[in-house]
Amino acid sequence: MDGYITEHPILKFERGKKVKFYFENQELKGYEGMPIAAALHAAGIKVLSISERYKRPRGFFCAVGKCSSCLMEVDGRPNVMVCMEPLKAGMKVCRQKGRGEL
Amino acid sequence: MNTGNTHQTADRYKDLDICVIGGGPAGLEAAIAAKKLGAHVMIIDDNPVLGGQLIKQTHKFFGSKAHYCGVRGIDIAKLLTDRVTELKIDVVDNATVVGYYDDDVLGVLKQDTFVPIKAKRYIFATGASESMLAFENSDLPGVYGAGAVQTMMNVYGVVPGKRALVIGSGNIGLIVPYQLLQAGVEVVAIVEILDKVGGYYVHAAKIKRAGVPIYLRHTIIEAKGNDSVEAAVITEVGNKYECLLGTEKIVECDTILIAIGLSPLCELLYQAGCRIDYIPELGGHVPFHNEDMMTSQQHIFVCGDLACIEEASTAMLEGKIAGAKAYETLYGENKRSKEIAEQAKKELFIIRSSPFEERILFGRKKLNP
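Line by line, the protein sequences give chains S and E. Counting along the first sequence from 1, when you hit position 41 you're at 40 in numbering that gives the first Met the number 0, and nothing is skipped either side. Counting along the second sequence from 1, when you hit position 130 you're at 129 in numbering that gives the first Met the number 0, and nothing is skipped either side.
What the hints contain is simulated information worked out from the structure, not anything from laboratory work. Where is the CB? At the ideal position from N, CA and C, for every residue including glycine. Accuracy of the hints is not assured; some may be wrong.
[Stated by the list, open to error] From chain E, some residues computed to sit far from chain S (all C-beta separations above 10 Å):
1) Pro47
2) His66
3) Asp81
4) Thr84
5) Asp101
6) Asp138
7) Tyr143
8) Tyr214
9) Leu215
10) Asn238
11) Lys239
12) Thr328
13) Gly331
14) Phe355
[Said to hold, decoys possible] Below are the DSBU-like pairs computed for lysine-lysine, each with C-alpha atoms no more than 30 Å apart in a straight line:
15) E:Lys109 to S:Lys91
16) S:Lys87 to S:Lys19
17) S:Lys11 to E:Lys59
18) E:Lys365 to E:Lys344
19) S:Lys11 to E:Lys77
20) E:Lys334 to S:Lys11
21) E:Lys13 to S:Lys16
22) E:Lys365 to S:Lys17
23) E:Lys364 to S:Lys17
24) E:Lys161 to S:Lys54
25) S:Lys11 to E:Lys205
26) S:Lys11 to E:Lys64
27) E:Lys161 to S:Lys91
28) E:Lys35 to S:Lys96
29) S:Lys11 to E:Lys87
30) E:Lys334 to E:Lys35
31) E:Lys334 to E:Lys77
32) S:Lys54 to E:Lys64
33) S:Lys54 to E:Lys248
34) E:Lys337 to E:Lys13
35) E:Lys161 to S:Lys16
36) S:Lys91 to S:Lys17
37) E:Lys161 to S:Lys19
38) E:Lys161 to S:Lys28
39) S:Lys16 to E:Lys109
40) S:Lys87 to E:Lys109
The following block holds chain S by itself, in its conformation from the complex (with noise of 0.2 Å):
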């Protein structure tokens, strides 16, 4: 869990508790609340799908829900756009591959 800022001059971070998530089968650790773009990238986890077409990797662009580039499978549901999806406790986050299925 090292993407996370520790010390900062101006900020004191608020974070909620630490809780087990799961991306790809993978344990991994995140606070809960938090979008879960931001608990993947502090985990070093940055490709998020799979694009349709070329297959090329795709991360988060916009971060505040605009652009759509984050759209990955949480707990069996496609399009979850995890730069604004609070991450919860036991949460299963599969990256997605090109247009999810419903």
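Let chain S serve as the given structure and place chain E on it in line with the hints.
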């Protein structure tokens, strides 16, 4: 999708005067102004907390005391949010407005529940999204909007990487690298295609003192890396902004920040049938609006970055005007509403009279010739 309690929820808001879409600096000031005057106001916002982009702005504002000079953006967000609570303004958070329908009804999606909401007046303060730049591999993870990095870093305390390259030297392109340094991230350089820095001198001086080079007349042509960014290729440009062959430099970095500008989010305004004009000086496609922030539809007002890409201080003033004027179209002009709008217009005029804001004034003249 649960639509079971739709009608019940809609009834709760049947006497709604003004619905403000977007709880950033512009939207909050609009709601505060209208509520103070006595209107029944609601704010819809897609975040868990109000404040819009202010919640990630750790730098101090400058200007005059009336515009929160010396106060950090994060603290302005708190001040405004407290005011909203004090005034008991109805807030619907974690909700996205997904459509503007016939009969002037908003479709709002709140946690998988679709709620139609109807108000007598709408004030849109949806803000803007970051513009993208086309270059080879610009879709690689590690290429982020500068604002995205600011959110991750200043709101959630997550660093974007170890070495960052910034494209664009407007205010965002100058402030975010300084904040990266504060978070312990190395900033390799700032790249600017023009022959001068775009943002305020104070911000540029601060970043130069920190030892970050600014490459003028340079641009990015490629990101390198397999699964995520490992390096960037930058090049000098000529008089017609063409890339000069043979001047390519490879810059090692794992993060590329795009800070080339913002585009107003006017999708809902298109749906509402508002006239949209193309005015590059104001940010591209912007909803037409007059000095009272009224669009081509008399019941729809706009303010903030949606109306014109500018600063939070001007967004707040536009918000006050929109709030007061929307109120006046419902209940008529009174001494207080007149005061709020006139004072805000006066302050806007002063800010925009600075030579730095020439472009904005030029753009606004195009909007209202």
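Tested hints:
A beta-carbon of chain S comes within 10 Å of the beta-carbon of Pro47 of chain E; the shortest separation is about 8 Å. Remark: the non-interface label on His66 of chain E is consistent with the geometry, its nearest Cβ contact in chain S lying 20 Å away (cut-off 10 Å). No beta-carbon of chain S is positioned within 10 Å of the beta-carbon of Asp81 of chain E; the least distance is around 17 Å. Residue placement check: Thr84 of chain E keeps its beta carbon more than 10 Å from all beta carbons of chain S (closest about 19 Å).
At roughly 26 Å, the least C-beta separation between Asp101 of chain E and chain S is larger than 10 Å, which holds for a residue marked as non-interface. Not every CB of chain S lies more than 10 Å from the CB of Asp138 of chain E, the least distance being 6 Å, so the non-interface label is violated. A cut-off of 10 Å between C-beta atoms contradicts the statement that Tyr143 of chain E is not in contact with chain S; the least separation is 6 Å. Separation of Tyr214 of chain E from chain S is adequate, the least Cβ-Cβ distance of about 23 Å exceeding the 10 Å criterion.
Consistency note on Leu215 of chain E: stated as away from chain S, and its beta-carbon is indeed over 10 Å from all of that chain's, at 26 Å minimum. Separation of Asn238 of chain E from chain S is adequate, the least Cβ-Cβ distance of about 32 Å exceeding the 10 Å criterion. Distance check on Lys239 of chain E: its Cβ is at least 29 Å (rounded) from any Cβ of chain S, clearing the 10 Å threshold; non-interface status holds. With a least beta-carbon separation of about 30 Å from chain S, Thr328 of chain E lies farther than 10 Å from that chain, consistent with its non-interface assignment.
With a closest Cβ-Cβ approach of about 38 Å to chain S, Gly331 of chain E is found to remain outside the 10 Å limit, as its non-interface label requires. Even its closest Cβ contact with chain S, about 26 Å, leaves Phe355 of chain E beyond 10 Å, as expected for a residue assigned away from the interface. The hinted pair formed by Lys109 of chain E and Lys91 of chain S meets the criterion: a straight-line CA distance of about 22 Å does not exceed 30 Å. Among the hinted pairs, Lys87 of chain S with Lys19 of chain S is consistent with the structure: their alpha-carbon atoms are about 8 Å apart, no more than 30 Å.
Restraint check: the Cα-Cα separation between Lys11 of chain S and Lys59 of chain E comes to about 17 Å, which is no more than 30 Å; the hinted pair holds. Of the supplied pair hints, the one linking Lys365 of chain E and Lys344 of chain E holds, its CA atoms being roughly 18 Å apart against a limit of 30 Å. For the given pair, Lys11 of chain S sits about 15 Å from Lys77 of chain E by alpha-carbon distance, which is consistent with the 30 Å threshold. Restraint check: the Cα-Cα separation between Lys334 of chain E and Lys11 of chain S comes to about 43 Å, which exceeds 30 Å; the hinted pair is violated.
At roughly 39 Å between alpha-carbon atoms, Lys13 of chain E and Lys16 of chain S are farther apart than 30 Å, so this suggested pair is violated. Between the alpha carbons of Lys365 of chain E and Lys17 of chain S the distance comes to roughly 53 Å, so the proposed pair goes past 30 Å and is violated. The straight-line distance between the Cα atoms of Lys364 of chain E and Lys17 of chain S is roughly 53 Å, outside the 30 Å bound, and the hint therefore fails. In summary, the hint linking Lys161 of chain E to Lys54 of chain S is supported, as the alpha carbons are separated by about 27 Å, within the 30 Å threshold.
For the hint linking Lys11 of chain S to Lys205 of chain E, the alpha-carbon distance of about 23 Å falls within 30 Å, and the restraint holds. Proximity of Lys11 of chain S to Lys64 of chain E is assessed by CA-CA distance (about 26 Å); at most 30 Å being required, the pair is judged to hold. Proximity of Lys161 of chain E to Lys91 of chain S is assessed by CA-CA distance (about 28 Å); at most 30 Å being required, the pair is judged to hold. With a C-alpha separation of about 50 Å, the suggested pairing of Lys35 of chain E with Lys96 of chain S is violated against the 30 Å cut-off.
The suggested pairing of Lys11 of chain S with Lys87 of chain E holds, with an alpha-carbon distance near 28 Å, which does not exceed 30 Å. At most 30 Å may separate the alpha-carbon atoms for a hinted pair to count; Lys334 of chain E and Lys35 of chain E meet this at roughly 13 Å. Between Lys334 of chain E and Lys77 of chain E the CA atoms are separated by roughly 29 Å; this keeps the pair inside 30 Å, and the hint holds. For the suggested pair Lys54 of chain S and Lys64 of chain E, the alpha carbons sit about 53 Å apart, so the restraint of at most 30 Å is broken.
Proposed proximity of Lys54 of chain S and Lys248 of chain E is supported: the alpha carbons are some 29 Å apart, at most 30 Å. Restraint check for Lys337 of chain E and Lys13 of chain E: the C-alpha separation of about 27 Å stays at or below 30 Å, so the hint holds. Proposed proximity of Lys161 of chain E and Lys16 of chain S is supported: the alpha carbons are some 26 Å apart, at most 30 Å. A C-alpha spacing of about 16 Å is found between Lys91 of chain S and Lys17 of chain S, which places the hinted pair at or below 30 Å, so the restraint holds.
Using a Cα cut-off of 30 Å, the hinted pair Lys161 of chain E and Lys19 of chain S holds, with the two alpha carbons roughly 25 Å apart. For the suggested pair Lys161 of chain E and Lys28 of chain S, the alpha carbons sit about 21 Å apart, so the restraint of at most 30 Å is met. Distance restraint check for Lys16 of chain S and Lys109 of chain E: the Cα-Cα separation of roughly 25 Å lies within the 30 Å cut-off, and the hinted pair is therefore satisfied. Of the pairs offered as hints, the one joining Lys87 of chain S and Lys109 of chain E holds, with about 18 Å between alpha carbons and a cut-off of 30 Å not exceeded.
The structure shown violates the earlier hints numbered 1, 6, 7, 20, 21, 22, 23, 28 and 32.
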